[in-house]
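J.: Chain residues, written in single-letter form:
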Amino acid sequence: MAVTLQPVLVETGTRDEEGRLVFVDGRLVAVLVLLSDAHEDVAGHWFLEHGFGRLHAHLTFPGLGAATAWIAEQCRRRTDLADGGRSR
Amino acid sequence: MTRDVGEVLVRHLGLFGSLSDGDKDALMSVKGEVRDLEAGEDVLTDGERPTYSVVVIAGLLQRYTLAPDRKRQIHSFYLSTDTPSLEAIHIGVMDNNLGALTPSRVGLVPLPELHRIMDLRPNVLGLIWRETLVQAAILRAWLMRNSRLLPDGKMAHLFCEIMTRAKAAGLAPDDTCDLPVTHEDIGDALGMASVHVNRTLTMLRDAALADLHAGRLTVLDWPRLVEVGEFDPSYLHLLR
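Respectively, the protein sequence lines represent chains A and B.
Our numbering puts the first residue of the first sequence at 1, with every later residue one more than the last.
Our numbering puts the first residue of the second sequence at 89, with every later residue one more than the last.
This is chain A alone, in the form it adopts within the complex (with noise of 0.2 Å):
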């Protein structure tokens, strides 16, 4: 399972504007976003600005290696869920 992150800028209509586009196998997964200093406890976390199917969820990880293991992990198990296991 490959993982891939290609830098983007989100409108999100605030500061919080730098991105990545998150590919797993090619396949775009889901879109993070860099959380501003607006966001006090929080910044300079990495939000999950929009998943796709089973990553529909709005979590924040304290960084990048944080998010893309936790992506993995998620499609990893939706592979699971899809062949009863037999790919691992």
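Quick caveat, the hints were computed from the structure, so don't treat them as lab data.
Glycine included, C-beta positions come from ideal geometry on N, C-alpha and C.
It cannot be assumed that every hint is accurate.
[Said to hold, decoys possible] Residues of chain B placed beyond 10 Å of chain A at every Cβ, according to the derived structure: (1) Glu95; (2) Arg99; (3) Leu107; (4) Asp113; (5) Asp130; (6) Leu259; (7) Asp263; (8) Ala281; (9) Val283; (10) His301; (11) Leu324; (12) Leu327.
[What the hints assert, rightly or not] Pulled from the structure, derived: some chain A residues nowhere near chain B, Cβ distances all over 10 Å: (13) Leu35; (14) Gly53; (15) Arg77.
[Unchecked claim] Derived list of chain A stretches under chain B, where covered just means 3 residues or more per stretch with a C-beta under 8 Å from a C-beta of chain B: (16) 10-18; (17) 39-52.
Given the coordinates of chain A, work out where chain B should sit on it, guided by the hints.
T.: Positioned in the frame of chain A, the structure of chain B alone reads:
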């Protein structure tokens, strides 16, 4: 400040219809235990068989349920002089929780006391029925708001409702009232992530529509806030 259980009942039921002097005297005779709650403390819990109905003497209460993953949905905020659980008169088992969001003082009215008053005063019985129907109307408005409005509209609608109810209860003499909630509380009421709550609040503040700061809600531009929230207060069925 209202200090008495009976006084809360007179003030709150009086929002929805007129009370005769006899009705008021009967309500003022209602006795109940006064209890102080800490922030986060529940007064009625899901699954419990209620023996009393709760009135808010001071503070702020929430009605909420928990999803299987323990995520919270807030169904209503209750301000000072609200009567959040009159339905306990006829519902045997609680299907939701009622708790304090901030240090609060509540009155616990034994259900037999309410039955006694309702038997004596048909007009009070009618107003209690009307009050619980209004609770249902508010719940429909919350469902519509959460399902159909955009984030700024949702928040504007909530603020309009709180301000309208606070004004009716005499708690907001100058377009400002207590609303000691966290971003998480608002998110759990509107079905929004805290990040979206923070952004939307900033948007409303920058647009000079409303501000929520240090536990105080201030409306800066009522006509525009009403427009953004598509707010029509008729569902609150207030006399004034």
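J.: None of the hints should be skipped; say for each whether it holds.
T.: Cross-check of the supplied hints:
The beta carbon of B/Glu95 is kept farther than 10 Å from every beta carbon of chain A, the shortest such distance being approximately 41 Å. Every CB of chain A is more than 10 Å from the CB of B/Arg99 (nearest about 38 Å), matching its label as outside the interface. A cut-off of 10 Å between C-beta atoms confirms that B/Leu107 is not in contact with chain A; the least separation is 46 Å. Distance check on B/Asp113: its Cβ is at least 52 Å (rounded) from any Cβ of chain A, clearing the 10 Å threshold; non-interface status holds.
No Cβ of chain A approaches the Cβ of B/Asp130 within 10 Å, the least distance being about 26 Å, so the stated non-interface status holds. Every C-beta of chain A lies more than 10 Å from that of B/Leu259, the closest at about 29 Å, which supports listing it as non-interface. At roughly 25 Å from the closest C-beta of chain A, the C-beta of B/Asp263 stays outside 10 Å, upholding its exclusion from the interface. Consistency note on B/Ala281: stated as away from chain A, yet its beta-carbon is not over 10 Å from all of that chain's, at 3 Å minimum.
The claim that B/Val283 lies off the interface is violated: its Cβ sits roughly 5 Å from the closest Cβ of chain A, which falls inside the 10 Å cut-off. Separation of B/His301 from chain A is adequate, the least Cβ-Cβ distance of about 13 Å exceeding the 10 Å criterion. The beta carbon of B/Leu324 is kept farther than 10 Å from every beta carbon of chain A, the shortest such distance being approximately 30 Å. The non-interface label for B/Leu327 is consistent with chain A: the shortest C-beta to C-beta separation is roughly 39 Å, beyond 10 Å.
The Cβ of A/Leu35 does not lie farther than 10 Å from every Cβ of chain B; its closest approach is about 7 Å, which violates its non-interface assignment. Interface exclusion of A/Gly53 from chain B stands, the closest Cβ pair being 18 Å apart, more than 10 Å. Distance check for A/Arg77 against chain B: the nearest CB is about 15 Å away, which clears 10 Å, and the non-interface claim stands. Check result for the region 10-18 of chain A against chain B: holds, 4 residues qualifying (beta carbon to beta carbon below 8 Å, three or more required).
Here the region 39-52 of chain A counts 3 residues with a CB under 8 Å from a CB of chain B, which clears the bar of 3, and the coverage holds.
Checked against the numbered hints given earlier, this structure breaks hints 8, 9, 13; the rest are met.
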